[in-house]
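K.L.:
Chain by chain, the residues:
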Amino acid sequence: GDSVTQMEGPVTLSEEAFLTINCTYTATGYPSLFWYVQYPGEGLQLLLKATKADDKGSNKGFEATYRKETTSFHLEKGSVQVSDSAVYFCALRATGNQFYFGTGTSLTVIP
Amino acid sequence: GAVVSQHPSWVICKSGTSVKIECRSLDFQATTMFWYRQFPKQSLMLMATSNEGSKATYEQGVEKDKFLINHASLTLSTLTVTSAHPEDSSFYICSANSGLAGTQYFGPGTRLLVL
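Protein chains in written order, with my numbering: chain A, 1 to 111; chain B, 1 to 115.
It is worth saying that the hints were derived from the structure and are not from the lab.
Quick caveat: nothing in here was measured; it's all calculated off a predicted structure.
One or more hints might be untrue.
[Said to hold, decoys possible] Derived DSS-like pairs (lysine-lysine); straight-line CA-CA distance at most 27 Å: (1) Lys41(B) - Lys60(A); (2) Lys41(B) - Lys14(B); (3) Lys49(A) - Lys60(A); (4) Lys41(B) - Lys49(A); (5) Lys20(B) - Lys55(B); (6) Lys41(B) - Lys77(A); (7) Lys68(A) - Lys56(A); (8) Lys64(B) - Lys14(B).
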């Protein structure tokens, strides 16, 4: 079945460091891929998405490229800030519109 | 933008009681809604797909008699946790799709604590 495998955390970085969180997927058909962010005590917020191969989603300095050949959707940011501290979830939307989430990666950015 | 609300946001109940959680799409119609649960520091797990006017589709391992889902209208789905036990304590989240290939919007979640 459809699934998402996400790099386990927690990840701790210094401010302005480069961030990569790996995400790979298994799916039938052609899923859409998403990154969601969850700040402490809050619900999920869509960070970015890509709906087809080679699409690049970007938002707030974060980027991820839909790579069909490697079934990956790695999240990157060139310079993280303290305010980026949160849990990041990679997800795919299956053909029936259900979402399947990775296990989440906790990011802490220290000043 | 589209908003999905959940009510209540917090509920504490005694073991053996039933709890109903509502999920509403506030400014769009949703023929399909989804219910997830999230354990502390873990990911969201899809429980079921709620279909307006028909029975819900449950994921493998989810007890349909335990977690009753009713999609009463195009803007409301309810999840009832029947005879709740402490192991049912979790964060329950619903989502709704705003269109055929539209954006999925997530509710803020309902935290359930069963004593």
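K.L.:
Would the hint linking Lys68(A) and Lys56(A) be met if the CA-CA limit is 27 Å?
P.N.:
Holds. Lys68(A) to Lys56(A) sits at ~12 Å (cutoff 27 Å).
K.L.:
Does Lys14(B) sit within 27 Å of Lys41(B), going by the straight-line distance between their CA atoms?
P.N.:
Given pair Lys41(B), Lys14(B) holds - Cα atoms ~24 Å apart, limit 27 Å.
K.L.:
Quick one, are Lys64(B) and Lys14(B) close enough, alpha carbons at most 27 Å?
P.N.:
Cα-Cα ~21 Å, so holds.
K.L.:
Check the hint pairing Lys20(B) with Lys55(B) against an upper bound of 27 Å on the C-alpha distance.
P.N.:
holds (17 Å)
K.L.:
Could you grab the alpha-carbon distance between Lys41(B) and Lys77(A) and see if it respects the 27 Å cut-off?
P.N.:
holds (23 Å)
K.L.:
Hey, Lys41(B) versus Lys49(A), does the alpha-carbon distance stay inside 27 Å?
P.N.:
holds (23 Å)
K.L.:
Hinted pair, alpha-carbon criterion (27 Å max): Lys41(B), Lys60(A). Please report holds or violated.
P.N.:
holds (24 Å)
K.L.:
Checking one constraint from the list: CA of Lys49(A) to CA of Lys60(A), max 27 Å. Satisfied?
P.N.:
Measuring from Cα to Cα gives roughly 13 Å; hence the hint holds.
Every hint, counting from the list given before, is met by this structure.
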